[in-house]
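Could you build the full structure based on these sequences and the hints that come with them?
The numbering of the sequence shown is numbering that gives the first Met the number 0, which starts it at 0 and goes up by one.
The hints are simulated quantities; they were obtained by calculation from the structure and are not laboratory data. Predicted model, so just to flag it, every value in this text is computed and none were measured. Accuracy of the hints is not assured; some may be wrong.
Capping the alpha-carbon separation at 30 Å, the derived lysine-lysine pairs in DSBU-like fashion look like this [said to hold, decoys possible]:
(1) Lys99 x Lys239
(2) Lys99 x Lys187
(3) Lys187 x Lys239
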Amino acid sequence: MSLGQHLIELRRRLMIAAIALVAAMIVAFFVTDPILDWLTGPIRIVAEQRGDNFAALNFPTVTSAFEMRMRIAVTIGIFLSAPVWLWQIWAFVMPGLTRKEIRYTIGFIAAAIPLFFAGCYVAVLVMPHVIEVMWSFTPEGAVNFYSASEYYDFIFKLMIVIGISFVLPVFLVALNLAGIMSGMAILKGWRVAVLLATVFAAVATPAADVVSMLLLGAILIVLFFAAAGLSMIFDRRRRKREAALLDTTL
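Okay, here's the thing in structure tokens:
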């Protein structure tokens, strides 16, 4: 295909992905009520414990409530339409890949997507506890009126950051398969990995929330050692294939 044909193909793929995203956003807009109910769950818990006037979700402008629903609809729409736009990206890139590259890419996607959603799920489990810990520092006589926009940003960023952190071990395995790093080289960096996982967990969770920090740090460390172990298995298989190939040539 010529450059012009590639651009036409890219435009077609992007249009299909955009249509799927808009359709998913429209569907998601009508199911924002249960999402809002879930998001405000920790606030209701705080209000029950400290009084109705202590904590509330605040919509400071006339359009804040509508904007909140739109942002939720966009987020859910991206996830709902993910199979379509991921396939469009894959279908555009795949013709230029070799069979080996296609196999590795499929394996990478098959591992990265579940890990990302697992990270988001861990963030969902941690999030109410994080909010409860943070409001415990509110002094007597003060109140917590959470801006809807900032409250949503906090939850969304927490989910994205933890989700991405769960995918990082997959990149280590990808580097091993590409021949850039050996499994033993990955394993030798375990001290740095443990330190980084601990620091990241401490930054991603409130300083006073020790339980959430330990949980997140432990999961990241386990994923790192799993990636190192899997890379070492791949190295062992690679050495066996090379030895077998050498024997046949001799």
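Hint by hint, here is what the structure shows:
{"no.": "1", "hint": "Lys99 x Lys239", "verdict": "18 Å, holds"}
{"no.": "2", "hint": "Lys99 x Lys187", "verdict": "28 Å, holds"}
{"no.": "3", "hint": "Lys187 x Lys239", "verdict": "22 Å, holds"}
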